[in-house]
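Colleague: As a plain string of letters, each chain reads:
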Amino acid sequence: MIRRLFIANRGEIALRVIRSAQRLGIVTILGASESDKDSLPARLADEVAIIGPAPAAQSYLDVAAVVAAARAARADAVHPGYGFLSENAGFARDLAAAGIIFVGPDPAGLDAMGDKLAARRVATEAGLPVVPGGEAADANAAMARALETGFPVLLKAVAGGGGKGMKRVTCAEDLPAAISMAMSEAQASFGNPAVYVERFIGSGRHVEVQVLGDGENAIHLGTRDCSIQRRFQKLVEEAPAPDLPDAVRAGLEDAAVKLTKRLSYRGAGTVEFLVDAETHDYFFLEMNARIQVEHPVTEAITGIDLVEQQLLVAGGAKLTLDQSMIRPHGHAIEVRINAEDPAEDFRPAPGVVTRAAWPAGPGIRIDSHIARGGVVPPFYDSLIGKLIVHGQSRAEAVAGMARALAALRIEGVPTTTGLHRRIMADPRFMAGGVDTRFFENFV
Amino acid sequence: MSTLTPEDVAEIVAILDGTPYASLEIATSRFRLRVARESGDANPARAEWSQEWDYGAPASAMRDAATPGVPVLDAVPDGLASVPAPLPGVFYHAPAPGAPPFVAVGDTVSADTVVGIVETMKLMNPVHAGVAGKVTAFCVANAVMVETGTALLHISPT
Numbered sequence: 001m002i003r004r005l006f007i008a009n010r011g012e013i014a015l016r017v018i019r020s021a022q023r024l025g026i027v028t029i030l031g032a033s034e035s036d037k038d039s040l041p042a043r044l045a046d047e048v049a050i051i052g053p054a055p056a057a058q059s060y061l062d063v064a065a066v067v068a069a070a071r072a073a074r075a076d077a078v079h080p081g082y083g084f085l086s087e088n089a090g091f092a093r094d095l096a097a098a099g100i101i102f103v104g105p106d107p108a109g110l111d112a113m114g115d116k117l118a119a120r121r122v123a124t125e126a127g128l129p130v131v132p133g134g135e136a137a138d139a140n141a142a143m144a145r146a147l148e149t150g151f152p153v154l155l156k157a158v159a160g161g162g163g164k165g166m167k168r169v170t171c172a173e174d175l176p177a178a179i180s181m182a183m184s185e186a187q188a189s190f191g192n193p194a195v196y197v198e199r200f201i202g203s204g205r206h207v208e209v210q211v212l213g214d215g216e217n218a219i220h221l222g223t224r225d226c227s228i229q230r231r232f233q234k235l236v237e238e239a240p241a242p243d244l245p246d247a248v249r250a251g252l253e254d255a256a257v258k259l260t261k262r263l264s265y266r267g268a269g270t271v272e273f274l275v276d277a278e279t280h281d282y283f284f285l286e287m288n289a290r291i292q293v294e295h296p297v298t299e300a301i302t303g304i305d306l307v308e309q310q311l312l313v314a315g316g317a318k319l320t321l322d323q324s325m326i327r328p329h330g331h332a333i334e335v336r337i338n339a340e341d342p343a344e345d346f347r348p349a350p351g352v353v354t355r356a357a358w359p360a361g362p363g364i365r366i367d368s369h370i371a372r373g374g375v376v377p378p379f380y381d382s383l384i385g386k387l388i389v390h391g392q393s394r395a396e397a398v399a400g401m402a403r404a405l406a407a408l409r410i411e412g413v414p415t416t417t418g419l420h421r422r423i424m425a426d427p428r429f430m431a432g433g434v435d436t437r438f439f440e441n442f443v
Numbered sequence: 001m002s003t004l005t006p007e008d009v010a011e012i013v014a015i016l017d018g019t020p021y022a023s024l025e026i027a028t029s030r031f032r033l034r035v036a037r038e039s040g041d042a043n044p045a046r047a048e049w050s051q052e053w054d055y056g057a058p059a060s061a062m063r064d065a066a067t068p069g070v071p072v073l074d075a076v077p078d079g080l081a082s083v084p085a086p087l088p089g090v091f092y093h094a095p096a097p098g099a100p101p102f103v104a105v106g107d108t109v110s111a112d113t114v115v116g117i118v119e120t121m122k123l124m125n126p127v128h129a130g131v132a133g134k135v136t137a138f139c140v141a142n143a144v145m146v147e148t149g150t151a152l153l154h155i156s157p158t
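So the protein lines, in turn, are chains A and B.
Quick note on numbering: this note's numbering labels position 147 of the first sequence as 147, and the sequence is numbered without any gaps.
Quick note on numbering: this note's numbering labels position 70 of the second sequence as 70, and the sequence is numbered without any gaps.
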């Protein structure tokens with residue numbers, strides 16, 4: 001049973017965790033950096049602890065500072081959100097040593113999935129197909145790997161996710177520059193510069209399966225499609241994944257549950273697959289051992305509060321849900337509203353939001369920490385809110401999203417709103433089932 | 001603690017939806033909420049609503065946000081070109097901690113030479129010299145927060 005929950009994150013996910021925890025009667029303590037001390041999550045949390053100065057390396061990524069703050073706050077559990085320390089096994093171990101519950105899988109589970117090589121091995125053992133590739137400690141090793149798998153290759157942060165440190169490299173000549181940039185981003189985002197080299201598959205869809213486990217039992221909550229990505233950053237997500245044969249969907253879900261059970265996984269997780277858009281062959285990519293940005297689309301179609309499930313399992317309870325109780329209904333779409341300047345090639349645009357009129361109404365959900373006067377600091381990522389629309393059918397969800405976006409007004413910083421309006425009007429998106437190259441032919 | 005929840009907003013909108021009212025403003029000691037019917041859809045049954053929350057952001061937050069980091073430096077000395085920060089963020093001289101810097105004073109650069117990176121929102125943005133010449137000075141120390149347009153280094157064009 002968790003009574004005092006420390007939230008080691010910021011922005012919309014911090015607020016979202018605070019809301020579910022408060023509904024469960026849990027006292028919330030937000031661990032905030034100096035630059036977030038007046039943020040909406042800080043105002044709505046029951047208590048606030050300042051963990052350090054604005055740069056993430058000295059606050060949200062500082063394991064010792066966060067553990068010390070959680071101890072001082074007498075927290076019995078820490079929710080890490082996504083990004084930052086959410087998949088850091090050392091952090092989970094230090095919390096355990098301090099007698100504090102980490103809301104997530106146990107450190108061994110984090111190690112198994114956080115190390116992409118180990119994850120591939122476990123996935124292969126569980127019978128899941130994988131994409132050719134491997135880890136590279138430095139630029140020379142990366143080159144050797146790339147020559148093995150053949151160009152083009154994809155560079156990914158071993159410790160990470162979320163597209164940070166991810167680069168596509170088409171020829172050997174470009175590799176040295178790309179690898180140093182990818183390693184720097186990996187270091188900045190996850191505190192670990194190691195990079196993973198993987199064969200790049202041309203026409204692929206990014207489909208993932210939400211899972212929940214309690215160490216013994218595991219269930220899935222259906223698929224999500226996150227193929228609409230710009231520079232490997234997800235922009236639009238939907239559930240369920242559209243335009244997939246039933247047998248393929250069932251195959252993905254079964255594979256995800258198999259892996260979750262094999263890991264004796266505890267908590268919420270996401271098993272990511274690359275699905276060939278034409279043949280529907282699928283490959284295991286990675287498992288994200290945390291709540292994900294796009295989790296609300298799954299919540300919208302299943303009616304399950306995933307953060308609540310995380311907190312219950314972390315508190316020691318067994319899953320009270322079984323597979324037969326998961327009855328997805330309708331279709332949901334999420335768009336990420338980022339503070340980015342479309343006129344400057346979507347460069348991040350920190351600043352102060354002078355007006356935030358979010359859409360409202362039936363089927364609409366807003367997950368945002370930004371109200372009038374909300375600050376978008378230059379130190380963190382550019383997400384200022386998520387707009388989620390649920391409809392009885394995909395067509396209804398797309399139309400509802402288009403109307404909701406028409407009502408959305410953010411002033412003070414440029415945003416991706418206009419881009420999303422154009423995506424919703426794109427015939428390929430309206431038809432459904434696009435691959436990750438969507439933006440190559442987007443005007 | 002009782003706060004304004006998304007469920008509260010949904011209920012308020014549902015109530016208003018069945019009325020001719022176009023907007024509603026609620027102010028409490030804790031927050032202000034404005035819910036409004038967005039014009040543009042002639043059919044009121046399909047109207048979209050908007051929600052604006054105001055938790056009274058302190059003026060200090062607005063002020064701090066307006067002037068973070070180091071100020072834009074002095075004018076460029078005669079005959080030199082300055083390389084401005086392309087966006088706000090933290091300026092780094094080297095690709096990684098401990099690594100050699102991209103360029104040093106005295107180095108010859110072309111317009112495309114990467115002279116540093118600005119880390120903004122966890123993305124590393126390369127800074128190009130923009131002009132061919134010789135690096136004469138760094139105007140900003142390593143790992144310092146800069147604003148858009150801050151002069152990062154000076155180049156003597158060739």
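The set of hints was computed from the structure by calculation and includes no laboratory data.
Just to be clear, a hint being listed does not mean it is correct.
To be verified - Just some of the chain A residues that point at chain B, by a computed CB distance under 10 Å:
(1) Ala-54
(2) Ser-180
(3) Ala-188
(4) Arg-347
(5) Ile-364
(6) Arg-422
To be verified - Derived DSSO-like pairs: lysine-lysine, alpha-carbon spacing no greater than 27 Å straight-line:
(7) A:Lys-258 <-> A:Lys-167
(8) A:Lys-234 <-> B:Lys-134
(9) A:Lys-261 <-> A:Lys-318
(10) B:Lys-134 <-> A:Lys-167
(11) B:Lys-122 <-> A:Lys-37
The C-beta atom is built at its ideal place from N, Cα and C for all residues, glycine as well.
Colleague: Give me the numbers of the hints this structure contradicts, sorted from smallest to largest.
Modeller: Failing hints, ascending: 6, 7, 8 and 10.
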